[in-house]
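Peer 1: Protein chains in written order, with the working numbering: chain P, 5 to 187; chain C, 449 to 600.
Worth flagging that the hints you see were computed from the coordinates, not collected in a lab.
Any given hint could turn out to be false.
Subject to a maximum C-alpha distance of 27 Å in a straight line, what follows is the list of computed DSS-like cross-link-like pairs (lysine-lysine) [stated by the list, open to error]:
#: 1; chain 1: P; residue 1: LYS152; chain 2: C; residue 2: LYS529
#: 2; chain 1: P; residue 1: LYS152; chain 2: C; residue 2: LYS509
#: 3; chain 1: C; residue 1: LYS598; chain 2: C; residue 2: LYS529
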Amino acid sequence: MNKVTPENIRLLLTRYLDGESTQEELQELGEYLGHADRLPADLMPYAQMFALLGETQPTPSVQALDRLAADRPSPDLSLVGRGADTNGGLAGNKSNYSSPCKGEAGRGSHRLGLLLAAACIAAFAFILLAPLRLEEESMAVAYVDGKKLDDKQAAMRMGQEALQEIFSNGNQEEQLSNIFNGL
Amino acid sequence: MKQLLITLVAIVAALPLSAQKGLRIDEVFKGNIVNELALQESLVKGESLEPFKLKVLHTVKFTTSSTQRDRVEALFEEDMKGRLSDDDENLELEYRDGHLYYAIVQIADIRKGLHRYICYQSRTNMAEHTITLVYMEGKASLADLRKTFKKK
């Protein structure tokens with residue numbers, strides 16, 4: 005490939021996606037897509053992909069590319085030579101464009117992310133549920149003159165007396181009134 | 449991940465950490481208004497309260513001056529703003545001589561089906577006021593509580 009034209013780049017992309025690129029071709033792709041000022045519309049998604057994958061240029065090994073080609077079905081390369089609007093094609097084939105080398109690292113960090121998320125959820129679930137569990141635990145304490153009484157009966161009695169006093173407010177008046185009227 | 453953490457932190461922050469936490473009268477229960485040495489306090493939670501359909505019963509009783517009575521009354525009235533309604537089913541209220549005499553107020557539930565009540569009573573003897581303050585929560589309705597605790 006002596007002359008770098010969009011048509012040549014499309015052919016190189018086809019070879020790249022088939023896992024047949026040489027290091028030289030990959031370098032050529034990276035340089036063209038990474039530095040070309042005015043790219044044809046159909047090559048813009050590839051430029052973005054290369055920028056995401058390799059900062060400057062992707063350098064997957066031939067073996068890794070072979071593995072990718074064997075593992076995955078061939079992507080739709082109908083855009084090669086078409087030069088038309090390819091936005092739909094990008095969306096549809098995006099998953100096929102990931103670099104095999106990056107793929108391993110990506111899967112690793114994805115797993116780590118999942119583990120971290122699970123750990124966070126577990127920690128927060130513990131924090132959220134612990135107070136509820138404590139709240140449901142049985143306890144009965146009373147404090148009189150600043151002294152703690154671990155007397156369940158006394159605590160219950162104090163609580164009940166307080167409620168009886170309050171709930172009998174109106175009733176007490178009626179009772180007193182009845183007593184005085186009866187005298 | 450960041451969004452998940454922010455959401456979870458917000459949920460945790462919104463949850464009350466103790467029974468009457470979030471209410472103004474919590475200050476009284478904590479002994480911040482009246483010296484805790486002067487408080488008679490009882491806190492009962494759990495199975496002992498099952499016969500009353502309650503889960504938490506927290507009471508304090510103390511004798512105090514008019515100034516502190518006014519502070520406690522003001523805090524209680526603030527919490528009363530969160531009452532469920534003014535219906536008899538959710539509220540009993542009486543004022544005497546311009547001051548709260550007694551009140552039983554159902555406030556908004558924290559969790560569905562878990563009702564919350566705050567109660568207040570003030571008895572005056574000369575210049576001193578004996579105040580009883582109650583916080584309780586459970587499945588009991590106000591009608592249930594009246595039936596259980598009202599002396600006949």
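Peer 1: So, for every hint listed, does it hold in this structure?
Peer 2: To see whether the hints hold, each was checked on the structure:
1. With a CA separation close to 33 Å, the supplied pair LYS152/P and LYS529/C exceeds the 27 Å bound.
2. For the given pair, LYS152/P sits about 15 Å from LYS509/C by alpha-carbon distance, which is consistent with the 27 Å threshold.
3. Distance restraint check for LYS598/C and LYS529/C: the Cα-Cα separation of roughly 25 Å lies within the 27 Å cut-off, and the hinted pair is therefore satisfied.
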